[in-house]
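Asker: This is what each chain is made of:
Protein chains: 2
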Amino acid sequence: MDFRKLSIKELNRISVEEFKQSEKLPLTVILDNIRSLHNIGSVFRTADAFRLERIILCGITACPPHAEMHKTALGAEFTMEWEYYADTCEAVKKLQAENYKVLAIEQCEHSVMLNEIYIDTHEKYAVILGNEVKGVRQEVIDMCDGCIEIPQFGTKHSLNVSVAGGIVLWEISKSYLSIFNK
Amino acid sequence: MDFRKLSIKELNRISVEEFKQSEKLPLTVILDNIRSLHNIGSVFRTADAFRLERIILCGITACPPHAEMHKTALGAEFTMEWEYYADTCEAVKKLQAENYKVLAIEQCEHSVMLNEIYIDTHEKYAVILGNEVKGVRQEVIDMCDGCIEIPQFGTKHSLNVSVAGGIVLWEISKSYLSIFNK
Chain A
16 MDFRKLSIKE
26 LNRISVEEFK
36 QSEKLPLTVI
46 LDNIRSLHNI
56 GSVFRTADAF
66 RLERIILCGI
76 TACPPHAEMH
86 KTALGAEFTM
96 EWEYYADTCE
106 AVKKLQAENY
116 KVLAIEQCEH
126 SVMLNEIYID
136 THEKYAVILG
146 NEVKGVRQEV
156 IDMCDGCIEI
166 PQFGTKHSLN
176 VSVAGGIVLW
186 EISKSYLSIF
196 NK
Chain B
16 MDFRKLSIKE
26 LNRISVEEFK
36 QSEKLPLTVI
46 LDNIRSLHNI
56 GSVFRTADAF
66 RLERIILCGI
76 TACPPHAEMH
86 KTALGAEFTM
96 EWEYYADTCE
106 AVKKLQAENY
116 KVLAIEQCEH
126 SVMLNEIYID
136 THEKYAVILG
146 NEVKGVRQEV
156 IDMCDGCIEI
166 PQFGTKHSLN
176 VSVAGGIVLW
186 EISKSYLSIF
196 NK
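For the record, the sequence lines run as chains A and B. Residue numbers for the first sequence follow our numbering, so the first one is 16 and each next one is one higher. Residue numbers for the second sequence follow our numbering, so the first one is 16 and each next one is one higher.
Just so you know, these hints were derived from the structure itself, not from any lab. Accuracy of the hints is not assured; some may be wrong.
The list cannot tell twin chains apart, which means a pair is met if one copy fits it or any two copies do.
In silico lysine-lysine, PhoX-like type, Cα no more than 25 Å apart, as pairs [unchecked claim]:
hint, residue 1, residue 2
1, K171, K39
2, K108, K20
3, K171, K24
4, K20, K109
5, K35, K20
Quantities reported herein were computed from a predicted structural model and do not represent experimental measurements.
Just chain A, same shape as in the assembly (with noise of 0.2 Å):
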């Protein structure tokens, strides 16, 4: 079979603007201290092409613009919805308030592994992702819906954030894939 490379062109994405007005996953991702902008920008990418509805930044999360971020972002974070609070348990009431499924991406006691979510696509979700060193906060935590853990077999004690965050998104994301192929 010929598996001809396709042009920036064929790709079709979508501008700018028909981002902004095109209908969002009703997914957003929480960003609970995250040291690396190279990992926020990078973050920020994965939510623009799965078409997630915003990033809420926490505590020490920067900010965009920043140039640092942007070599990771490339424009992402032009396009994507982002709101910054100082308190991450603040945005998780705020969204828990607006009936958000809120689950944070970490190992824990009861921990529902990736393979094994079930997403419901009459609800929204939101996932945090937590700080390099220390993830998710403990008392975050205890606020949350429920927790993902992603099935780990080598050495290290966890994967990168930004890889963690695209492997969640994808999973949770191919559960509404069907909105964009209507």
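With chain A held as given, fit chain B onto it using these hints.
Answerer: The following block gives chain B in isolation, referenced to the frame of chain A:
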């Protein structure tokens, strides 16, 4: 429900020695001219987490040990098996001679969408991640047994290469999870 964070001890990660002796997924990652040491290191970390058998570094892709790569690999560059080929096509040829199905991660005509791939767990696979700007080269793609595309709905052309790798390796690894859960 109580979502108590697990301690590092409770994660029960295996040691480097156990890792080296453990059964791996029959899945190899080929890095075709990856420029960023952060991306290379991050792929090492992902490959360790999913207990892949090997990483093949090609062309300008840097080899361990490297201080800058270590910042994202965090030691996974010492657990993972790796090989180097100056020419990516040589690596593909060798793997195909060993009956691997070699799949490029690329947006091509006739690409299979990642949510529609079929993995035969009796087969061995290799996936190719391409350069940050140019992707997988057409001459490499032309040798492949297939192309996998991650469905994307945003304004950007593509995901970060280590994030794309994480997503694809997770999706393929899922098919083999029973190996580690038995």
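Asker: With reference to the structure, classify each hint as holding or not holding.
Answerer: Each hint tested on the structure:
1. K171 / K39: between (34 Å within a copy, 15 Å between copies)
2. K108 / K20: For K108 and K20, only the inter-copy Cα distance (20 Å) is at most 25 Å; the intra-copy one is 46 Å.
3. K171 / K24: between (40 Å within a copy, 12 Å between copies)
4. K20 / K109: between (44 Å within a copy, 23 Å between copies)
5. K35 / K20: So K35 and K20 fail the 25 Å test inside a copy (28 Å) and across (37 Å) alike.
In terms of the numbered hints stated before, the structure departs from hint 5 and from no other.
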